[in-house]
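K.L.:
Residue numbers (the numbering used here), protein chains in the order written: chain A, 1 to 387; chain B, 388 to 528.
Do not take every clue at face value.
List of simulated lysine-lysine pairs, DSSO-like, C-alpha gap at most 27 Å [to be verified]: (1) B:K421 x A:K200; (2) B:K470 x A:K380; (3) A:K200 x B:K470; (4) B:K489 x A:K142; (5) A:K200 x B:K430; (6) B:K514 x B:K489.
Derived by calculation from the structure, the hints in this document are not laboratory data.
Please read all numbers here as calculations on a predicted model, not as lab measurements.
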Amino acid sequence: MLKESTRWGCACDEHLMSRGATNKPIKPNYLKCIALGLVLLGTMLVTPSYAVNWSDVTMNGYFSFEYEKNVAGKPEGDTNGSFDLDLFDLVINFNASDKLRIATDLTWEHGTATEEGFGNVAIEYAFAEYSFSPLFKLRAGKMFTNFGIYNEIHTAKPATLSVKEPLSTNKNNKMGSEFRFYPRWNVGVAAVGDFVWFDKDFDYVVQLSNGDDGETNPFEEDSNTSKALGGRVRVEFLDNLQLGASFYRDHINAEYDDGDVVARARIASYGVQANWSMFESIHAEFEYVAGTVKRDDTEKISRNAFTVMLSVEVTDTITPYLRVEVLEPDTDTSDDEGVLSIIGVNWQIASNAYLKFELDDMNTEDANAKFEGEDFQEIKASLSVGF
Amino acid sequence: MKYLNLILILCMTSFFSINSQAEWVLLGHTSVEKESLDARELKRLFFGRISQWDGGEPVKLCFLNDSNALVEYLGDSTKYSKKRFLAYWNSRLFSGDNIAPKQFRNSEELMDYVTRTRGAICIADPKAVPEGFSGKVIHIK
Numbered sequence: 001m002l003k004e005s006t007r008w009g010c011a012c013d014e015h016l017m018s019r020g021a022t023n024k025p026i027k028p029n030y031l032k033c034i035a036l037g038l039v040l041l042g043t044m045l046v047t048p049s050y051a052v053n054w055s056d057v058t059m060n061g062y063f064s065f066e067y068e069k070n071v072a073g074k075p076e077g078d079t080n081g082s083f084d085l086d087l088f089d090l091v092i093n094f095n096a097s098d099k100l101r102i103a104t105d106l107t108w109e110h111g112t113a114t115e116e117g118f119g120n121v122a123i124e125y126a127f128a129e130y131s132f133s134p135l136f137k138l139r140a141g142k143m144f145t146n147f148g149i150y151n152e153i154h155t156a157k158p159a160t161l162s163v164k165e166p167l168s169t170n171k172n173n174k175m176g177s178e179f180r181f182y183p184r185w186n187v188g189v190a191a192v193g194d195f196v197w198f199d200k201d202f203d204y205v206v207q208l209s210n211g212d213d214g215e216t217n218p219f220e221e222d223s224n225t226s227k228a229l230g231g232r233v234r235v236e237f238l239d240n241l242q243l244g245a246s247f248y249r250d251h252i253n254a255e256y257d258d259g260d261v262v263a264r265a266r267i268a269s270y271g272v273q274a275n276w277s278m279f280e281s282i283h284a285e286f287e288y289v290a291g292t293v294k295r296d297d298t299e300k301i302s303r304n305a306f307t308v309m310l311s312v313e314v315t316d317t318i319t320p321y322l323r324v325e326v327l328e329p330d331t332d333t334s335d336d337e338g339v340l341s342i343i344g345v346n347w348q349i350a351s352n353a354y355l356k357f358e359l360d361d362m363n364t365e366d367a368n369a370k371f372e373g374e375d376f377q378e379i380k381a382s383l384s385v386g387f
Numbered sequence: 388m389k390y391l392n393l394i395l396i397l398c399m400t401s402f403f404s405i406n407s408q409a410e411w412v413l414l415g416h417t418s419v420e421k422e423s424l425d426a427r428e429l430k431r432l433f434f435g436r437i438s439q440w441d442g443g444e445p446v447k448l449c450f451l452n453d454s455n456a457l458v459e460y461l462g463d464s465t466k467y468s469k470k471r472f473l474a475y476w477n478s479r480l481f482s483g484d485n486i487a488p489k490q491f492r493n494s495e496e497l498m499d500y501v502t503r504t505r506g507a508i509c510i511a512d513p514k515a516v517p518e519g520f521s522g523k524v525i526h527i528k
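The shape of chain A in the complex, shown without the other chains:
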């Protein structure tokens, strides 16, 4: 191949040289030049690239398919009964070196079809992590906000027992709050690590980011000079008891109701969590979040929420669960509370594949901004597979 290329190359050179030397119009041998180009291109394409060593790359992912239907009560939720290709995610880790990792989660949600404007394609996270030691790793990029039990796994359905993550502590804007306790994602830097203290295993994360706002793409540009600060620490207090605490503070730019005048809103949220295995097969999970929102044009709002979940592994594969979620969107408003009660079962049908069935009962008070006292029940089912 090398000889062949060289010979073709000489032929072309000779051709150009002869034209220059004699200054006579000579019909160039374009075919040879094109063929040479194609051979060079082909050589480039078939030559192995050393940019990626595939032994340093791991690819995983997950798939989730859901069905929801309102079965009783007011016509809220999904009254028609709908199948939903919830998501297909690829999780890729590139180990650029022993200490440097690039991690990303690419998602296609709800049967993405960009030509039709359907669904969502997104980078859930993409960050570089440099490991100085297990105690101190530095991350930079787009990340999930590390808060509480569920935010980082809210799309990772094979990681959770229930069909969806708790609304009251994670998607409180879908249950009567104006703002979430914290944004799903952020762009910035983070320090993470594991350490042992007083003979207990701890892990921590501290994130400094643009935060969230309604004006710009917060993953590209901050709309104000204030940076969001968040963090979480967890400890294996006992072999069967994990405790944790989180916080998040940010200033965001929000619009007044009557137009484009921008107000600043200060959000502060705090949370505690506990996972307890009472016996080998009985587990309890608790999360409490509280915080305030203060817009320049309104009074400060205090809100809080909690979720409690109990699950029992009745066999190696079947785990029924019961969860109660409560949201108090504004502690100064007496009748805006929302309560969601869920009873369900998680059935592991293959190594990392799960069928889930549940009944969700939503009860809200009249002043609840989302449902206004319109109580309803939904059935939900899903198939989630991790790979």
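Based on the hints, put chain B in the right spot on chain A.
P.N.:
What follows is chain B alone, placed relative to chain A:
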């Protein structure tokens, strides 16, 4: 006193017999400097809390998926069922926090991986360890 001694002997005998019939074994690549680990260290390794060996090399975990070895290990040393262990690692992997242990469907693939991958440490079925295994068997204190 005679009966007490007898009971103690029976207890000790049963204890050693349980250990001698262990249903799981810990294998490592020859680059792994540890000759033995205690239960706490092993748990910290297999739950991703220790991600680097002392020399800075990344820890690479693996286990055999369709074997009782992992279940036996979890039952012996942790409060986790296999289902909860998988959920734990699903959380760590899918949140971007860590790279999950490799899961193999047969012992041959696992043996090949652990003997060829620097930093690898795997829970395996002791019956599947071949004669002349070129990796390292790590003892549990």
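K.L.:
What are the numbers of the hints that this structure violates, sorted from low to high?
P.N.:
The structure breaks none of the hints.
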